[in-house]
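Q: Numbering (the working numbering), first residue to last: 1 to 471.
Derived lysine to aspartate or glutamate pairs resembling EDC-like cross-links, with alpha carbons at most 20 Å apart:
#1 324 / 269
#2 52 / 28
#3 456 / 435
The calculated label-pair distances, taken between Cβ atoms and stated as ranges, are:
#4 408 / 302: 37 to 47 Å
#5 24 / 97: 20 to 30 Å
#6 437 / 46: 45 to 55 Å
#7 301 / 177: 24 to 34 Å
#8 124 / 24: 39 to 49 Å
#9 289 / 422: 13 to 23 Å
#10 94 / 299: 47 to 57 Å
Hints are computed from structural coordinates only; laboratory data are not their basis. The C-beta atom is built at its ideal place from N, Cα and C for all residues, glycine as well.
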Amino acid sequence: MPPFVDDILPSSNVFIQKKPESSIITIDVGGQLFQTTKQTLAQAGSGSLLSKLSNPSSLSRPDVPFIDRDPEIFSILLSLLRTGNLPSKAKAFDLQDLIFEAQFYGLESLLVSSQSNPSQFEAFNLEKSLILPLNGRDSPSAISTTPYGSVHVSHGSKITSFDWSLRRKSTILTQFTAIDSLLALSQSVAAAGATDFSGLQILDLDRGFIRETLNWENSTMSSSTVQAIGSSPDFLFTSFESGRRNSSSIMVFDIHGSFCPVVEIARCEIYGAEIDSAIPATKLRWVSSLNMLMASGSHGGPSGVLGNIRLWDIRSGNVVWELKEKMDCFSDVTVSDALSAIFKVGVNSGEVFFADMRKLNADNPWVCLGDARKGNSGKKEGFGCKIESHGNQVFCSKGGDVELWSEVLMGSPTSSEDGLRGRVFRRNLMGRVKDVGGCKITNLAFGGNRMVVTRKDQQSVEVWQSSVRGF
Numbered sequence: 001m002p003p004f005v006d007d008i009l010p011s012s013n014v015f016i017q018k019k020p021e022s023s024i025i026t027i028d029v030g031g032q033l034f035q036t037t038k039q040t041l042a043q044a045g046s047g048s049l050l051s052k053l054s055n056p057s058s059l060s061r062p063d064v065p066f067i068d069r070d071p072e073i074f075s076i077l078l079s080l081l082r083t084g085n086l087p088s089k090a091k092a093f094d095l096q097d098l099i100f101e102a103q104f105y106g107l108e109s110l111l112v113s114s115q116s117n118p119s120q121f122e123a124f125n126l127e128k129s130l131i132l133p134l135n136g137r138d139s140p141s142a143i144s145t146t147p148y149g150s151v152h153v154s155h156g157s158k159i160t161s162f163d164w165s166l167r168r169k170s171t172i173l174t175q176f177t178a179i180d181s182l183l184a185l186s187q188s189v190a191a192a193g194a195t196d197f198s199g200l201q202i203l204d205l206d207r208g209f210i211r212e213t214l215n216w217e218n219s220t221m222s223s224s225t226v227q228a229i230g231s232s233p234d235f236l237f238t239s240f241e242s243g244r245r246n247s248s249s250i251m252v253f254d255i256h257g258s259f260c261p262v263v264e265i266a267r268c269e270i271y272g273a274e275i276d277s278a279i280p281a282t283k284l285r286w287v288s289s290l291n292m293l294m295a296s297g298s299h300g301g302p303s304g305v306l307g308n309i310r311l312w313d314i315r316s317g318n319v320v321w322e323l324k325e326k327m328d329c330f331s332d333v334t335v336s337d338a339l340s341a342i343f344k345v346g347v348n349s350g351e352v353f354f355a356d357m358r359k360l361n362a363d364n365p366w367v368c369l370g371d372a373r374k375g376n377s378g379k380k381e382g383f384g385c386k387i388e389s390h391g392n393q394v395f396c397s398k399g400g401d402v403e404l405w406s407e408v409l410m411g412s413p414t415s416s417e418d419g420l421r422g423r424v425f426r427r428n429l430m431g432r433v434k435d436v437g438g439c440k441i442t443n444l445a446f447g448g449n450r451m452v453v454t455r456k457d458q459q460s461v462e463v464w465q466s467s468v469r470g471f
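Please model the entire structure based on the sequences and the hints provided.
A: Structure below.
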């Protein structure tokens with residue numbers, strides 16, 4: 001039996017055998033000795049087991065600590081503490097085993113950061129690497145991710161969640177017939193809504209119950225269906241439409257636990273035949289550089305697809321900028337803080353356009369990145385296309401493929417017109433040859449160092465990540 005058996009650290013099989021006044025720490029893990037420094041162990045965080053070993057005041061006897069755990073996995077985690085990254089030999093172990101050991105030592109946050117850190121996202125190296133199957137016959141309708149790679153997917157009346165490692169899976173059943181809008185508020189909490197069900201529900205995904213139901217009181221006192229959800233660090237935004245479809249609004253809620261209503265903006269009513277006067281916002285994106293909310297919505301009618309894009313100052317409740325779309329209206333639209341631009345994919349042309357947010361006062365701010373003449377063909381080549389921005393890139397789905405658009409820096413413009421027209425973007429088709437094609441893409445999302453894709457009539461989720469990253 002090891003010496004000083006009675007001196008065991010709480011919640012572990014740790015026996016003391018350490019020399020005081022030395023920066024070198026010797027630890028016996030499963031019968032194998034390891035030497036490291038107090039500074040390295042302190043990287044584990046103040047509440048971790050290893051951090052306690054680095055603090056002489058927490059130990060009553062000067063002995064070598066003994067930890068009855070796997071020494072091979074400990075060597076992997078010790079390398080993680082030293083460098084912030086897992087060594088290549090970690091691939092010989094099952095990720096779930098590493099997670100269990102990291103949890104024991106209090107190192108799971110470091111493991112997450114090394115494996116699913118947003119800073120590791122490499123757009124040009126993304127490859128289809130994993131298929132996550134879903135239960136049931138319903139295809140995904142909405143998808144949302146957390147910053148470190150947890151994935152929430154709605155399919156039919158269910159929401160399936162995958163943790164950051166994509167190994168742990170859970171499914172809950174909701175009151176909705178089908179979920180149209182989904183937003184992850186944390187790894188275990190999400191906001192969900194539908195266009196045929198009243199109210200926005202805040203769901204506890206771990207325990208499967210409704211924490212809150214948020215509603216909008218419209219003038220007709222009818223139900224309030226959810227058209228879109230968005231968020232900022234402080235607020236939760238929800239686009240509502242009345243059950244009679246004659247009014248709409250955007251409600252701003254406090255996102256820090258209480259979900260109390262803060263302000264109402266963008267309230268619209270339909271008057272007479274002006275159908276486009278109350279088009280509800282179907283996409284909400286926070287623009288942090290401007291401290292404004294981008295809201296966009298479109299409507300198909302006898303004269304074609306009409307839409308509008310607005311930038312709202314939620315403090316004053318006023319529209320700062322508005323663009324009404326008639327010719328080649330957007331099929332989808334997104335905003336990029338990093339590129340200071342709004343991007344759309346035209347419903348007729350299927351081409352990508354951008355508008356420089358620093359110069360939005362022009363009558364037509366759009367610059368076509370492809371062939372603008374396609375917009376006059378009358379075809380709906382962009383119908384159903386999705387466009388999203390992430391980092392310094394823009395991703396656009398075309399059928400079963402994903403285009404990657406990146407800006408090419410060309411030098412300083414000589415005039416304001418050159419500054420508007422002189423920005424150059426290049427297109428790349430993503431994936432390897434075997435990744436190209438497939439069923440039509442219905443959703444794009446980004447979390448950690450991954451891109452997540454869903455497709456029409458597929459009961460699964462695709463995970464794309466770099467071939468040189470990940471586990």
